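Let chain F serve as the given structure and place chain H on it in line with the hints.
So the protein lines, in turn, are chains F and H. Here the numbering used here is used: the first residue of the first sequence is 1, the next is one more, and so on. Here the numbering used here is used: the first residue of the second sequence is 113, the next is one more, and so on.
Because the hints were derived from the structure by calculation, they are not lab data. Treat each hint with caution, since some may be false.
[As the list claims (entries may be wrong)] Under 8 Å between C-beta atoms, here's a sample of chain F residues computed to sit facing chain H:
1. Glu100
2. Gln101
3. Gly104
4. Arg108
Only a predicted model underlies this, so the values are computations on that prediction, with no experimental measurement involved. Cβ atoms here follow ideal geometry from the backbone N, Cα and C, with glycine treated the same way.
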Amino acid sequence: SQTIHQWPATLVQPVGSPLSLECTVEGTSNPNLYWYRQAAGRGLQLLFYSVGIGQISSEVPQNLSASRPQDRQFILSSKKLLLSDSGFYLCAWSGSASYEQYFGPGTRLTVT
Amino acid sequence: AQSVTQLGSHVSVSEGALVLLRCNYSSSVPPYLFWYVQYPNQGLQLLLKYTTGATLVKGINGFEAEFKKSETSFHLTKPSAHMSDAAEYFCAVAGNTPLVFGKGTRLSVIA
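Just chain F, with the same shape it has in the complex (with noise of 0.2 Å):
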């Protein structure tokens, strides 16, 4: 059966400092790949979608980006952080001929 994990589960950084939010699918291969954002009392917004290695499109202009190293695993990063990257970060993928997506547990990220 295919899993999703993503790490790590909390994350309190300052602003100003770097960031790297890691999700890894076992159980499947070529995947697409999806990182999204909710804010607090929000909604989902995706922020990246991948359907092959080192193949990302961006759906918002953000202080945010993504790569996609390997078959499986998806990353999210910044250079800076801002006060209004704090949220809850959601990692999902969808068989490459289907629209329904499966979740990882989410990383809860606080930035002070």
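Just chain H now, with coordinates in the frame of chain F:
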């Protein structure tokens, strides 16, 4: 372009009462429709989905939803609410883009 509107950001029901969470969508192509549930500090879990075929779909935990093309709706129902149903519920649509989510409806269940 596709979009989803969830009517009511917060719904409260009594334990044992009917749960009805409303979702309307807009899509320029035949839609694929989904409901997800999110418990506090967790990821989203797929409740049910509509792709093609039968318009009444059943999901986990006793939930079901009916696709009504004429009303562009995909409302989520459950005959009898349990305390464990308290969570955030998201409706989503896909067709020619990745999933587009609604803003969510928080369901509270009162004992």
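Now the hints, each set against the structure:
{"no.": "1", "hint": "Glu100", "result": "holds, 6 Å"}
{"no.": "2", "hint": "Gln101", "result": "holds, 6 Å"}
{"no.": "3", "hint": "Gly104", "result": "holds, 5 Å"}
{"no.": "4", "hint": "Arg108", "result": "holds, 7 Å"}
Consistency with the previously given hints is maintained throughout, with no hint failing.
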